[in-house]
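Chemist: Full structure from sequences and hints, please.
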Amino acid sequence: MSDFDSELDASGLNCPLPILRAKKAITALDAGQTLRIIATDPGSVKDFEAFCKQTGNELKSSGEEDGKFVFLIQKAA
Amino acid sequence: MSHRLSGPERKESILAAAQGLFARKGLHGVSVDEIARAVNVSPAILYRHFASKQTLYTAVLEKFSCQRQSYVDTIVKHGTSFEDALAGMTQVYIENIAKNPDILRIELHSLLEGNPATLAFFQNRWKSFTDYIEFGLNETLPYNIPHREITILSAGLMFQGMIRETLIQKCLQPQDRLVDISLHELSNELVTLFLRSIGINKTQLSRKATISG
Chain A
1 MSDFDSELDA SGLNCPLPIL RAKKAITALD AGQTLRIIAT DPGSVKDFEA
51 FCKQTGNELK SSGEEDGKFV FLIQKAA
Chain B
1001 MSHRLSGPER KESILAAAQG LFARKGLHGV SVDEIARAVN VSPAILYRHF
1051 ASKQTLYTAV LEKFSCQRQS YVDTIVKHGT SFEDALAGMT QVYIENIAKN
1101 PDILRIELHS LLEGNPATLA FFQNRWKSFT DYIEFGLNET LPYNIPHREI
1151 TILSAGLMFQ GMIRETLIQK CLQPQDRLVD ISLHELSNEL VTLFLRSIGI
1201 NKTQLSRKAT ISG
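Just so you know, the sequences run in chain order A and B. Position 22 of the first sequence, counting from 1, maps to 22 under our numbering, and the rest follow consecutively. Position 203 of the second sequence, counting from 1, maps to 1203 under our numbering, and the rest follow consecutively.
Since the hints were derived computationally from the structure, they do not count as laboratory data. Glycine included, every Cβ here is placed at the ideal spot set by N, Cα and C. You can trust all of the hints, since none of them are fake.
Cut-off 30 Å, straight-line C-alpha distance, at most; resulting in silico cross-link-like pairs (DSS-like, lysine-lysine):
1) A:23 - B:1063
2) A:68 - B:1063
3) A:23 - B:1127
4) B:1077 - B:1099
5) B:1099 - A:53
6) A:24 - B:1077
7) B:1063 - B:1127
One-sided excerpt, in silico: chain B residues whose CB lies under 7 Å from chain A:
8) 1075
9) 1076
10) 1135
Modeler: Next comes the structure, spelled out in structure tokens:
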């Protein structure tokens, strides 16, 4: 099955909207669950790194798929 | 003569001089020779660091784009409420320009020059606000209000105009009547007025919505 618990499509949105929506989506998760985020803003790569560093959530992966940026974040315990 | 600078130091000094000249005269008003003269190097040395005037201009713009992290800080620190995040972002943006009004000067020049790449760069900076406002209103405004779409678009425009004009008056042509009001106070007041105008009544926006540092 899918290797994430929830998904957020932030395509077309500029910083800070992807971060803001991710923050909301993560609030709804239980500790240890993962959120997959799709974004198109190139700045989102640095943004999500900084976001995870500051919130303690784990950035499991960060990559590019079909010209979009895809992140997998696991909610901290 | 002047002491020898290392490669990176030289590059940095060229960038700083170019920023000042572009801010005063715009992209088209400055020649490579003039920038080279300002840092006491030959154009050949300048070209060793930057392939063209356009490359140099782009490098100046790229230096400006490192404020992103601060928006992340804002979102992480302040709640996820529409108004708190907007106040925090505005504070970051305004403080950033106040520290370096050249950004605003270059933006205004670029509007007159009409270079598509540069216009896109600056538009993209505003897009963080206009997207945010449009997205927020789209989620909160009732669906049955008249002219809903125009209202949402206008709100973004209103905000951009309000902040840009404030920055012009505070940073580029200081006005006596505004001299005793700090940018921080102005920013909070403007965001409060804006929120009121779009129907979000928050009389006392968190006065603590400051970005430390």
